[in-house]
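Based on the provided sequences and hints, a complete structural model is requested.
Quick mapping for you: the protein sequence lines, in order, are chains A and B. Here the first sequence stands for residues 1 to 373, where the numbers follow this note's numbering. Here the second sequence stands for residues 1 to 126, where the numbers follow this note's numbering.
FYI, nobody ran anything at the bench for these hints, they're computed from the structure. Among the hints, a few may not be true.
Computed footprint of chain B on chain A; a stretch qualifies when at least three of its residues, placed anywhere within it, have a C-beta under 8 Å from a C-beta of chain B [said to hold, decoys possible]:
hint, region
1, 7-21
2, 130-142
3, 169-182
4, 247-259
5, 286-292
What follows is a set of in silico ranges between Cβ atoms, one per label pair, in the way DEER data are often shown [claimed, not checked]:
hint, chain 1, residue 1, chain 2, residue 2, range
6, A, Asp24, B, Thr42, 38 to 48 Å
7, B, Arg35, A, Ala31, 51 to 61 Å
8, A, Ser258, B, Asp122, 23 to 33 Å
9, B, Arg35, A, Ala132, 19 to 29 Å
10, B, Arg35, A, Pro160, 33 to 43 Å
11, B, Arg36, A, Arg285, 37 to 47 Å
12, B, Arg36, A, Ala190, 49 to 59 Å
13, A, Pro160, B, Asp38, 41 to 51 Å
14, B, Pro46, A, Thr257, 21 to 31 Å
A few chain B residues facing chain A, derived, Cβ under 8 Å [unchecked claim]:
hint, residue
15, Ile28
16, Thr31
17, Leu56
18, Leu102
Quick reminder that beta carbons are idealized off the backbone N, C-alpha and C, glycines included.
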Amino acid sequence: MEAGTDDTLLELLEAGLSGPLLRDVATSSSAELAGGASPLSLFSSRRVLSVCTDSPSTTVALRTRAVDRGQFLFAFGCAAHAANLVASDAARVAVFELALRESLIITVFFARSPRARWLLRAVRKMLAGGGAEVGALRTYSRTRWAGEGATIASVDANLPALQHTLLENAHSAAPIAVPAPVTAAVNSTAAADAIRRASPFLCFLARVVEHLEADSAPLSSYTGLFECLRATLAKKLTVISVAERQLLQGAPERRFTSFSDPMVVSAFLLDPFWGPVRGRLSVLRWGRPSLADMRDAAVERLCGGDVSARAARLADMAGFAAIETAHGALLSERNFHPSLLVAPVGVSVPRAAARSGSAVGYTAVGRWRGENV
Amino acid sequence: MFKTLKGVVTTRRNRLTNERVDAQSRIIFNTSLLRRPDVLGTYRRPDAEHELLAMLHGETGSGAPVQAPPPPSAADMDDAAMDGSSDGSDTDSDGPKCMEQLADDIAVARIFDTEGVEAAVDLLLS
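Below is the structure:
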């Protein structure tokens, strides 16, 4: 990285935001913050609040600098990138490493050998017997780690057909030369067991990434999905051993704490959708702080040195939680867009929630080019 | 029909000038959507989140997590997957990742032909 790259990017971002289309939208709070205004007082529907980017070191520096200068009130890393890196971390756990390696050996060979590919296809058709066939093997992209779930799951679904294909090949008059590692991978019980155990978690993770990338996930989903990932590892996925699950637990924790921002946690704590499981999820600790600690940090940052405002905001949020616990929210109400989140509780508007409304409306996924600014 | 098409708001392309949208258009688009009652009124949380919530709230399932959607049928997949191109869920349609995937595929094909399957896998895992 060249020195000053983040400055150059920041200048480009500023130039991109200063066009005529945004004349009614405040794209910087530097002047107000320099004048002593608290960040909370700057929330409004006509203000760009946050920046979400992926997280190479240059854009992390850009995010930090942009917030320090007051051009954005908060910044966070892309949730889909963070979840992809969880998949990357998972690949270092022995069972996932074995499953991925053996699956790739099979997939690469059958993708690159036309005769093997067509023989496998014919066997799949034969085994289906006119019914629904299993899907074909799926290739793997190094740039999208969560895709390993699809690769491994497709090998899992194809294992009977693969074994039959090798058998057919061995009995054919002109057999295809199948490399020994491929034969070993197809017939290995250890590999089959690893693939069977690794598939559920990786498919789950792929589903999370797919959902986040659909551009429809609100900011509250950022925390919600990572919490669910950890809770699922703790209570479900019993097909993986306890020791492996404990190893995996560290990955979402590490990625979440390094990519997110306390404001993201606030969005989660104010979204009625997650109400039914919020209490259960909130007890999970992320490193040292709990979600409540992160929420308090967000409130403290928003209120600056204004102690009374801080106390009022915390009381607002406690009131919101109490109302939600007492009354619950109907399923239809939980479907409200987060920017309308004051409506479902049907009570006097908690000010912190109302003012955060425009913030929680933003998506949890960012792609560079400033699309999700 | 053309009048209707011009009224469609998109984050991908400006239908009036036939140019790709920029960062400003994206912000204007998002801000406008947050002010439209018809858009907010029809909003529904994604099925993926509902499934997660049901799984965690009820805890009555078999223990199996939410699964990824089944892959497309063999007929749909074979040509694309086996040509070396990736499937739709695995790549952006127009992003740089697509080019990276293509470069990977070319490198894997070359190494597979010269050094064998294990060397090609080592490259993918590097």
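Checked hints:
With 5 residues having a beta carbon nearer than 8 Å to a beta carbon of chain B, the region 7-21 of chain A meets the requirement of three or more and the stated coverage holds. Here's how the region 130-142 of chain A fares: 11 of its residues keep a CB closer than 8 Å to some CB of chain B, so the rule of at least three is met and the hint holds. Using a Cβ-Cβ cut-off of 8 Å, 3 residues of the region 169-182 of chain A lie near chain B, which meets the minimum of three, so the contact claim holds. With a threshold of 8 Å between beta carbons, the proposed coverage of the region 247-259 of chain A by chain B is violated, since 0 of its residues qualify and at least three are required.
With a cut-off of 8 Å between beta carbons, the region 286-292 of chain A has 0 residues touching chain B; three or more are needed, and the interface restraint is violated. Distance hint check: the CB atoms of A:Asp24 and B:Thr42 are about 26 Å apart, inconsistent with the given range 38 to 48 Å. A hinted range of 51 to 61 Å is violated for the C-beta pair B:Arg35 and A:Ala31, which are about 26 Å apart. Take A:Ser258 and B:Asp122: their Cβ atoms lie about 29 Å apart, and the range 23 to 33 Å holds.
For the pair B:Arg35 and A:Ala132, the beta carbons lie near 46 Å from each other, so the given range of 19 to 29 Å is not met. At roughly 55 Å, the beta carbons of B:Arg35 and A:Pro160 sit outside the given window of 33 to 43 Å. Between B:Arg36 and A:Arg285 the beta carbon distance is about 39 Å. The supplied range of 37 to 47 Å therefore holds. Between B:Arg36 and A:Ala190 the C-beta distance comes to about 56 Å, which sits within the given range of 49 to 59 Å.
A hinted range of 41 to 51 Å holds for the C-beta pair A:Pro160 and B:Asp38, which are about 50 Å apart. In this structure the supplied range 21 to 31 Å holds for B:Pro46 paired with A:Thr257, their Cβ-Cβ distance being about 25 Å. At its closest, the beta carbon of B:Ile28 sits 5 Å from a beta carbon of chain A; the interface hint therefore holds under the 8 Å criterion. For B:Thr31, the suggested interface contact is upheld, since its CB lies about 7 Å from the closest CB of chain A, less than 8 Å.
Hint status for B:Leu56 relative to chain A: holds, with the closest Cβ pair at about 5 Å, below 8 Å. Interface restraint check: B:Leu102 against chain A, minimum CB-CB distance 10 Å, threshold 8 Å, status violated.
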